[in-house]
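J.: Chain residues, written in single-letter form:
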Amino acid sequence: MGRAPWPCQRESTQVPKSPTMKYWKGIEELENSPEFLQTAFSEFAPMKDLHPSSDPTAAPRRDFLKLMGFGVAAAALASCEAPVRKAIPYLNKPEEVDPSIANFYASTYFNGADYNAVLVKNRDGRPIKLEGNPESPITRGGLSARAQAAVLNLYDGGRLQHFAIKGQKSTPEALDREVMSKLGSAGRIAIVSPTIISPSTKRAIAEFANRYPGTSHVMYDAQSASGLLQANSGVLPSYNFERANVIVSLGADFLGTWISPVEFARQYATTRKVSSEKRTMSRHYQFETAMSLTGSNADVRVPVKPSELGAVAAALYNGIAGGGSSSYSNPKLTKAISDLQANRGASLVVSGSNDPAVQTLVAAINQTLGNVGTTVDLAAPSMVRQGDDARMNALVEDIIGGRIGGVIFYHANPVFSHPMGEKLKAAIPKLGLSISFNDRLDETGSLCQYAAPDHHWLESWNDFEPKRGFLSLAQPAITPLFSTRQAQETLLRWAGNNTTYYNYVRNGWRNVLGGNFNAAWDKAVHDGVAMGTALAAAPAPSAAAMSAAEALGQLGSAKGSGIELTVYEKVGLGAAGFESNNPFLQELPDPVSKATWGNYLAVPRKMAVEQKWEQGDVIKVTGNGKTIELPVLIQPGQANGTVSIALGYGREMAGKVGDKVGANAAPFMGIATVTLDKTGANSPIAQTQTHHTIMDRSQVVQENSLANYIKDPKKVTEYETIVTPDGAEKPSKVSLWQDYQYNNHHWGMAIDLNSCIGCGSCVIGCQTENNVAVVGKQEVINRREMHWMRIDRYYSSDAHRTDFDEKGKLATYAAMEDPSENPQVIFQPMMCQHCNHAPCETVCPVLATTHSSEGLNQMTYNRCVGTRYCANNCPYKVRRFNWFSYYSNEKFENVNGHMFTDLGRMVLNPDVTVRARGVMEKCSMCVQRIQLGKLEAKKQKRRPMDGEVVTACAQSCPTEAIVFGDMRDPESRISKLLKREDGERAFHALDTINVQPNITYLTKIRNAASEFFPEEKEA
Amino acid sequence: MSSPRLRVLPHLLLALFLTFAGTYQASAQDAQAVSKEGVTPGATDGAAPATGGGDAAAISAGDALFKGNCAQCHAVNDKVVGPALAGVEKRRPISWLIPWVKNSSKVVASGDAYAVKLFNEYQKQQMPSFALTDKEITSIFAYVKSAEGGTKQAETPGGVTTENSPKADEGGAAKYVDILLIVLVVVLIVLVVTLVIIGNLMRDVLRGRKDLNGRDVEVLEQRTDWSKIYRSPVLRGIVGTVFALVLLYEGVQQVMAVGLTQGYQPTQPIAFSHKLHAGEHQINCAYCHTSVYKSKSANIPSANICMNCHSQIKTESPEIKKIYRAIERKQPVQWVRIHNLPDLAYFNHSQHTQVGGLECQTCHGPIEKMDVVYQYSALTMGWCINCHRETPLNTKGNGYYDALVKLHDSKNAGAPFTVSSNGGTECSKCHY
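Chains as they are written, first to last, in this note's numbering: chain A, 67 to 1085; chain B, 1177 to 1608.
Treat the hints as calculated values from the structure; they're not laboratory data. Backbone N, C-alpha and C fix where the C-beta goes; we use that ideal spot for every residue, glycine too. Among the hints, erroneous ones may be present.
To be verified - What follows is a list of derived Cβ distance ranges for each label pair:
{"#": "1", "chain 1": "A", "residue 1": "548", "chain 2": "B", "residue 2": "1274", "range": "43 to 49 angstroms"}
{"#": "2", "chain 1": "A", "residue 1": "248", "chain 2": "B", "residue 2": "1521", "range": "58 to 64 angstroms"}
{"#": "3", "chain 1": "B", "residue 1": "1438", "chain 2": "A", "residue 2": "154", "range": "20 to 26 angstroms"}
{"#": "4", "chain 1": "B", "residue 1": "1274", "chain 2": "A", "residue 2": "1034", "range": "40 to 46 angstroms"}
{"#": "5", "chain 1": "A", "residue 1": "154", "chain 2": "B", "residue 2": "1487", "range": "20 to 26 angstroms"}
Work out the full structure: start from the sequences and follow the hints.
T.: Laid out in structure tokens, this is it:
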């Protein structure tokens, strides 16, 4: 294995793993392309081409003038008096609000698909951050990346700020008058919404329907679960991955986007955590087309075409139930069947397919295995997907056919997110009455006659029942910013009920909460969650759509041909496009492809090689008469003969951030086969995967198999030693530097690679907490993204570039085909390692980066002069340079809008500086939180308690993979964890270079026989 | 001393010094300024008098609770908005006091004679309810008991006299030197005058004599040729150099003072006098600046706090009427901010008041004597750092520091455990 030359001779402890495992971040690195090599060895991208000027003399002249201008400005500034600043107190200070003390209010985030119980952090009356609500029995304190970023939507300048009639500003009264005069004579009225899980909202809709009897309410989900609902007699089962020893997923991205990812991730991670006392973990099989977040975490992943998924389900069913011949066979499937059979009642099969036949078989498999009642719960069904595709399609046909009098679009944007959006676009203006409650004049709302924008959810009261028996409340955390009105109140008013929605919700809960209602209500508002149901009694289960035998028959006939297409939902952006105008989510790298800002056509490597496509070549995708043009991204692990496209991109009227980013794949939903043609154009993809490469140094990530772990936990991690006169020693034994003494605190972090699923929640948590700038697509391409925390995703394979010399080119290429066809994936959150012997500290000429007495590597922005030496000297590549004033340079006005306007700046964390141009920045280990925690302890005259100080990343992690604490406190969680794992799974990235980080990683353990680990002898 | 040339002299000295000392000079001056302008380290340590019995922990907890909840309306030994609390446990039993603190209007409503009398005595102003536990309330009274009798607490800061005494000596010595200098100057002036008089007398005497030859007359009538000195290249060089150095010095001083607003004393929209409120009426700072003990910001009082008193007091004053107008128009008063730290520096009031035990005056100066508030301290980084280097930590009775103090004493016996020795001058204690 080729390594960067290193002056010390090294010996490796014997590790029973494949000696030639090669990690690579992207196809470029695997191929070692010249472009990759050009940039791999420099911290910063070459400067050429960044100035789009053809005249080589232009730039220096401009620079000269700028310098002149700066000189004049500086001189003028020096002679200026300081500006007069005002201190404006409250007129009547609320008792519970103190300036600069954060208040937390429990609330609920639900965007039509994801449920998250949240705590809203309020500073001086404005929400600045969302955190998970630990009281919630469902999300248990975790928070998805989408929910983390949702606070930004509140201050989105693209929101519609007033009521509007035919696009003209209006007042609620005028709109009420006009609409109510029309409603009575409208005839058939339809309310179109995504899934609504609010019992009170449903009551309000029912009240409206009662007043206007022609009303029907149609829900549809952009990523539909209709098939699953049909197969389970109209209910969506709850799943409990925590009790499953064997998990088989047929294309369900349950860690990323499927039904309730935060809940599932927590359950899943519980089964994946190991220690020397608990040497067991679940085994996860994934059969899927595109490489999903869930698939990248699977122990065994099998790429299958979409058309084969039915056959896989049939084979699985036949294998479990016995009998029948199957058209699909695979040794991994056989192993899955035997594993499932060995874990009856403690296994789980799920599928993301929308085909009722597949879901019927999956339900039958779980039934046969006795999983119903243990891992599958039909008694407390989930409510978060209620969309009915058939009803929605019928409604769309009715709208197009002119058979509907009026439509109310309640947060629904079917022109964008429904496959028949184009036809709807033509039909909506012809409606007799069209009303939009959407928060902006989007693709649908702009076509409607009336716009009655709803409050943002952070400005609203609401209730939710994500699962039967589990209630959740939302309370306003800020006075409404604009002249909007809560949609439920609008509906009630039109129905003749003038109550406020707060009273409406509260009265609705009188039947739910027992005992002293006022006290119980106050507690529910305080906690944000409550037990009990506000729903009507469960409807009698409808008959299942089909029997297993019928399903088998239907699936037997399915046959794919040509190039198959899947459309999927991104972990960051939802399929419905509600988050499109959120720059945090647009710039959140996809967990697997690491692409930002736009969607792309993911193709397997084999197809790209055959078709001679390069990454970024624009391809015209044609299917069923519809076309779309997208750049190619070579995705290792994509099933051969298939391509996939993400939904939720290509918005036309989302706002400054989201417009014209990518292309809309919604029309391709339901289209199985496509043809692909190269257009000759090229559109670069802003991918972060090969930025900050670690140059082939070993010991950055470590993994091993469960079999080896069971044998001896002390031998799963490779600890390198260096040779000294006294024999082989740990690298830390030899040092040129004096060690620091930590008397007070020694902050540290441990990251369990076994529980990290790579979801990116921490990245957004860090970004909102620390005012990290968004830089936009071009700057990401220039390798200048500002994220303090990134999640490195490595593919691993056997092949290595030295093989070219040793084994010959052809043989190596042949061998490499396979790993890139289905590589293993490992995620590693990477941020400043807060080294005790930090290389950055020694090279700073102005002492802008120094070491604190608590183990932190401090970055002092106001001292930094921007030499960038520190970034060059950082072995982890975690330092970020401010190339621009992202808060005032108009180039970034669209993407970083929240730092530009007074409205947007309300979201900034007032405890963290917004960095100026020309300074370095990096992870501070949330020093503002550390300082606050210490101060609270000092005020109460005690030591800080463990868990009191927690970084934004550790707090947001849905799987509790990140543990933060004081390593000097022997009773802290981190101290105990590190003590337990010392010599077993605990390792430092790049241990050999002896920078002694304060961040410790725990080796990933895989529960699988794979291409890379030898088959277990016995389980 | 009025001759222009003499005035140049100190400048010349300073300028020469500046040339050698370089930029170090500036920071040294800052430090000097601070030590002169009276950050008195530890001057406030003794705020809690050692009198009275009771559990020390309960008293200190009571102290914090008192400051946070009660001090806005009550003082221990003085009547403020509410009655003075000294001896309250003698006046009423604790079993009466606890329900009163928790919900006074309930006690009044119950018809308790004492409560009704009290209520009427204080213009029917309701005491707000406090959600405190019985234990917390008892600890407040324990504190009240311990603080009884020390009416002039603030003026008799106990402790740390040893710290202050060398400084006092130093001040005395400086004064002595000054007097000596004045005496010497006077003696010098007398001598010079005497000499001139003697010289003139001598000349007159000699002029009167007739036996002088031409040479003697020449000597006698000799006059200083000032034009020669004026033309002297050496002198011109010296003057030129001095002039350039003075210019440089003044320039550097100007540049170093950019952004410094020490002494800034803007006119405020309402002529509020701290001298009147904090000085004469002895109203606790935390009564108006409500969050000074618990938050980063001390809180500029909102109009409703003014109204606590001014709904009844001095209602005819034109300045007070401005507050009424603000409330009527729902336009908050726009005070001019005096203390402007740059955004890159994080400063937390509660860290210094509640934890550090500093008095407001340490940084804000004699606020109780200011009719119009001005910026007393330099608020430069040098000023902050200097205090952090010199001030011993207020560790007494604070469980956070117990182990640290032991560790520090075992390693550096005798050296004070200052803020900086606990990492208080590290960058990211204030910059993040």
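J.: Does each hint fit the structure? Answer for all of them.
T.: Each hint, compared with the structure:
1. About 48 angstroms separates the C-beta atoms of residue 548(A) and residue 1274(B), a value consistent with the hinted range of 43 to 49 angstroms.
2. A C-beta distance of roughly 60 angstroms is found between residue 248(A) and residue 1521(B), which places it inside the suggested range of 58 to 64 angstroms.
3. The hint said 20 to 26 angstroms for the Cβ distance between residue 1438(B) and residue 154(A), and at roughly 24 angstroms that hint holds.
4. Checking the proposed 40 to 46 angstroms range against residue 1274(B) and residue 1034(A) shows it holds: the Cβ atoms sit about 41 angstroms from each other.
5. In this structure the hint that residue 154(A) and residue 1487(B) lie 20 to 26 angstroms apart at CB holds, the actual value being about 22 angstroms.
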